[in-house]
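*Asks:* Chains A and B, in that order, give the protein sequences.
If you count the first sequence from 1, position 60 lands on 65 in the numbering used here, and the numbers rise without skipping.
If you count the second sequence from 1, position 230 lands on 356 in the numbering used here, and the numbers rise without skipping.
These are calculated hints, taken from the structure and not from any lab test.
Here a beta-carbon is modelled for each residue, glycine too, at the ideal position from N, C-alpha and C.
There could be a bad hint or two in this list.
[Unchecked claim] To give a feel for the contact side, a few chain A residues facing chain B, derived at Cβ under 8 Å:
1) Ser7
2) Val125
3) His127
4) Tyr171
5) Leu199
[Stated by the list, open to error] Below 20 Å or equal to it, Euclidean Cα-Cα: the simulated DMTMM-like pairs (lysine to aspartate or glutamate) are:
6) Lys23(A) <-> Glu160(B)
7) Lys124(A) <-> Glu285(B)
8) Lys23(A) <-> Glu198(B)
9) Lys23(A) <-> Asp318(B)
10) Lys124(A) <-> Asp300(B)
11) Lys124(A) <-> Asp318(B)
12) Lys124(A) <-> Asp114(A)
13) Lys258(B) <-> Asp318(B)
14) Lys258(B) <-> Asp300(B)
15) Lys23(A) <-> Asp220(B)
[What the hints assert, rightly or not] FRET-style restraints, in silico, Cβ to Cβ:
16) Thr60(A) <-> Asp220(B): 42 to 48 Å
17) Ala121(A) <-> Thr240(B): 28 to 34 Å
18) Ala276(B) <-> Arg140(A): 55 to 61 Å
19) Pro97(A) <-> Glu244(B): 16 to 22 Å
20) Asp363(B) <-> Gly144(A): 26 to 32 Å
21) Leu161(A) <-> Glu168(B): 33 to 39 Å
22) Gln63(A) <-> Asp260(B): 56 to 62 Å
23) Glu244(B) <-> Asp110(A): 19 to 25 Å
24) Ala362(B) <-> Glu174(A): 25 to 31 Å
25) Arg137(A) <-> Thr304(B): 49 to 55 Å
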Amino acid sequence: MSIALVDYGAGNLTSVRKALAAVGAEVYTPDGPADLARARGVIVPGVGHFGSTRTLDQAWRHAILERLDHDRPLLGICVGLQWLFAGSTEAPDVPGFGVCQGVCDRLPDIQPATGARQKVPHVGWNTLALPRWSRLFAGIADGSHVYFTHSYAAPLARGTVATSSYGIEFTAAVEEGLVSGVQFHPEKSGQVGLQVLRNWLTGVA
Amino acid sequence: MLAKRIIACLDVRDGQVVKGVKFEGLRSAGDPAELARRYDVEGIDEVVILDVTATLEARQARAHTIQAVARELFLPLCVGGGIRTEDDAAAAIDAGADKVSLNSAALADPSLITRLAERYGSQAVVVAIDAKRDGERWTAYTRSGSASAARDVVEWAREAAARGAGEILLTSMDRDGTRSGFDCPLTAAVSDAVAIPVIASGGAGEFAHFAEVFQAGRADAALAASIFHFNTHGVADLKQFLHAEGIPVRL
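Please put together the full structure from these sequences, using the hints given.
*Replies:* Right, dumping it as structure tokens:
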């Protein structure tokens, strides 16, 4: 079961690779879009700035779409989830993959409900709300904690299967057919995170 | 709700965990990987490996210690001590660290913060500040607390954040090893001055100290070493205590 971990220069992939190995995935880093052809599943990771996804150009997009046409699932992690949306105000000139509707935006410095100042970035363990069943969260309890580190977040969308709150409610995970994404870091979220990765892999034939 | 983090610090020398009182009189407390595993089971939120002597003895954080700890740990892992250059940081990150903690090197060359933030993202860059009370203010110390950097701590924390640091690891040298409680005024002053998380360190002796530093100190996370290492207080018991106090924690 060969999983392509797309390295587009957005951060360190050691931890993601290690966690995928721990749940039994065979992972490779494709040399380029053409090297995606042998992938049974594709993971787009990422930390930092949305602008880094500029590297995922038309050739990459076509290669990923081609995989989806062959029923090969896609998982975006962190900035990789944000990339699934139309774009982000963090880098307005960089289009997202556009599978999910809406634009990612900066988390608020002021909690709208209380008027209290809050720190951005949102760093640490926060709870998940699971409004409906999804493959990603099978066997995972509503209210489980996962590890986040981000300043921008995706809005609620049709495919939202997990939300979290930090001043506002945002999409913590999406699942739309073969396309999934998580804003948190499953590779850093203990047993819950490993279970999310395991669940995703069950959809990789 | 975002939980307050409890972080275990492994002070490592020669591959073994040690913990001193005010940076002196080190005594052995075990194998870092074994301790990290125990903390994971007990519900620790994050692990920091510090090679407490690395800066003085010009040693780099040991890749094999990092690898051994990272192997079975699926939690954030931060490595500090002896991270002086981009290459040192890259070696630690390649070995499995998610974050590197800069102290003396950042004071000597603050542009290192920015270079590492651009390369790995701000979430990977922690600036550690060793703070010593000086009247109504605090002064940053360098080289494992052996020399004053002649920098005001609050002002230095602001600069570090502006240069791209993702978190501040703030140690009270006055409280470190004393078990008399965190320095809450210090922690609150820094936490109010920056928009990035502040990890309070130095002085943890009992559960109530953690509640104090999260409430009065406005800390986002609290770090301790010896209180956990010698099994005087378990991480799970601490979290139950904080939960009962109304402080959000990951149970």
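*Asks:* Go through the numbered hints given earlier and state which of them the structure violates, listing their numbers in rising order.
*Replies:* Violated hints: 1, 9, 10, 16; rest satisfied.
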